[in-house]
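Student: As they're listed, the protein sequences go chains B and R. Residue 146 in my numbering sits at position 146 of the first sequence, with consecutive numbering throughout. Residue 75 in my numbering sits at position 75 of the second sequence, with consecutive numbering throughout.
Bear in mind the hints are in silico, worked out from the structure with no lab data behind them. There could be a bad hint or two in this list.
[Claimed, not checked] Computed cross-link-like contacts, DSS-like style, restricted to lysine-lysine with a CA-CA straight-line distance of at most 30 Å:
(1) B/K168 / R/K80
(2) R/K148 / R/K105
(3) R/K241 / R/K32
(4) R/K148 / B/K168
(5) B/K168 / R/K241
(6) R/K223 / R/K154
These are the residues of each chain, in order.
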Amino acid sequence: MGLDFHVIWDNLTYFFIGRYPHGPLGGVALTFYLAVVSCILSFFGGLILGLLAISRNRLIRYPSEAVIQFVRGMPLIMVIFWMYFLYPNLMGRPMPESQTVILALTFFTSAYMSQIVKAGIEGIPKGQTEAAISTGLTHRHTMLHIILPQALRNMIPSFVNQFVSLIKDTSLAFIVGVSELTMVATQINNRSLIYPTEIFLFIAFVYFIFCYAFTSLSRYLEKRLAWAKAI
Amino acid sequence: MRKMLLIVLSVLLVGTFVAGASLAGDKLADIKAKGVLVAGIKDSLPPFGFIDQKTRTIVGYDIDFVNAIAAKLGVKVELKPVTSATRMPQLQEGNIDIIAATMTKNPERAKVIDFSHTYFFTGQKFLTKKGAVKSLKDLAGKKIGTAKGSTSEKNAAKAIPTATILSFDDYPQAVLALTQGKVAAVTTDESILAGLLSKLPKGEYEIPDIRISDEPYGLGIRKGNENLLNFVNKTILEMEKTGEAKRIFDRWFGPNSDTPLYRTFTITADK
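With these hints in hand, go ahead and build the complete structure from the sequences.
Tutor: Now the structure itself:
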């Protein structure tokens, strides 16, 4: 049985933008949107959660650790499913599905990112903090100006790792009927039925391009930022 | 600390249920006031609800019914794709007003939601290699494929206790297993099987005349919304009388469609 990629060409627009502009955005564009927004949000989410988890105040440290452990102990698909029902209830009105997915992805990835942040900060020698404090800097300033700038640079490879996972994790949004790339492929496959190989090869390729582009960008970023370390 | 977590969790949980329960009222008036009927539909199940290749919009038998009901109400339609797992909770939460998603009426479901009169009637059959299956006995001890979470799974296990039922994520995977010889038959509603058959190489597969269940599809409406339920029932009965219901059937299941079927039912005031 030869491969017939006509099914891809015939549905190319749908693969890329879904039902837009007559309906919600879908396909590759939605996957991109979900991934980028969740990446940005979970960067800050992870940073905040990580800093809270190393706080010297137990009233802050214990609850944040509890949240982290709780989220890390659940499969992402459950987090997405729960958020789908929980979020509209908390807001008291129906929310767009893509928002509930972004929230779930952010929540989940932040918990993992916080551990990277924690390890990154602990990886900076104690002497740095001691030196900074003895020059008269407060704890907050020490963290902001001495520790974090060095730690964040060390965290980049781990961040990239997490973000690549996140890009691929967007595919789980299909469980709540969000028409991102995987869902769109399923819809087309259900209609055409006889081209599953072509369709799923194509989307595997798209995901690969996506992730590869991202890792290349981050490698470039790492190089650009490496100079400061040499000083 | 543990106490705080407990409080947060219980607030979240209680919120989930309370918000769901507090929305009852006159749904029909609500919909008219909103000016929009939110319908839970399937977007990947031809010919009931699927994406049209050219227009990239959702079309199908279910969608035509929803449109007709909304037109009668004088409101717009908002189509909200649901899955078999999310359709009932979404209705109970009040996020959708009506389910039109190939939903079989059964007593278990009827305890939780109300169903309209039957707007589509089909039965569960088998899709097999041509000539391989003459009666149910031929399937004893064989592997049979179907889709997860469907009523087909239960019916097949009941009809052929010796068979192994393999549940796939969706029907295309089950069909792929059939073409690769991993299962002896795929079982589900005939209306879906007809669609699957039309995509397979001509003359190699068939749907033998073995029916193991009746599958009446109903439109789902939340309990306690008699006004809306009565309106929907009245509308679909009218559609039968004017011939609109048959026209919709012929559009998706007529002789020139991808899924030719005989219309063995009419919409009547059943219970």
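Student: Does each hint fit the structure? Answer for all of them.
Tutor: Here's how the hints hold up against the structure:
Restraint check for B/K168 and R/K80: the C-alpha separation of about 25 Å stays at or below 30 Å, so the hint holds. This hinted pair checks out: R/K148 and R/K105 have alpha carbons roughly 18 Å apart, not beyond 30 Å. Restraint check: the Cα-Cα separation between R/K241 and R/K32 comes to about 25 Å, which is no more than 30 Å; the hinted pair holds. Of the supplied pair hints, the one linking R/K148 and B/K168 holds, its CA atoms being roughly 24 Å apart against a limit of 30 Å.
A distance of roughly 51 Å separates the Cα atoms of B/K168 and R/K241; the hinted pair therefore is violated under the 30 Å criterion. With a CA separation close to 26 Å, the supplied pair R/K223 and R/K154 stays within the 30 Å bound.
This entry does not satisfy hint 5, going by the numbered hints stated previously; all others are met.
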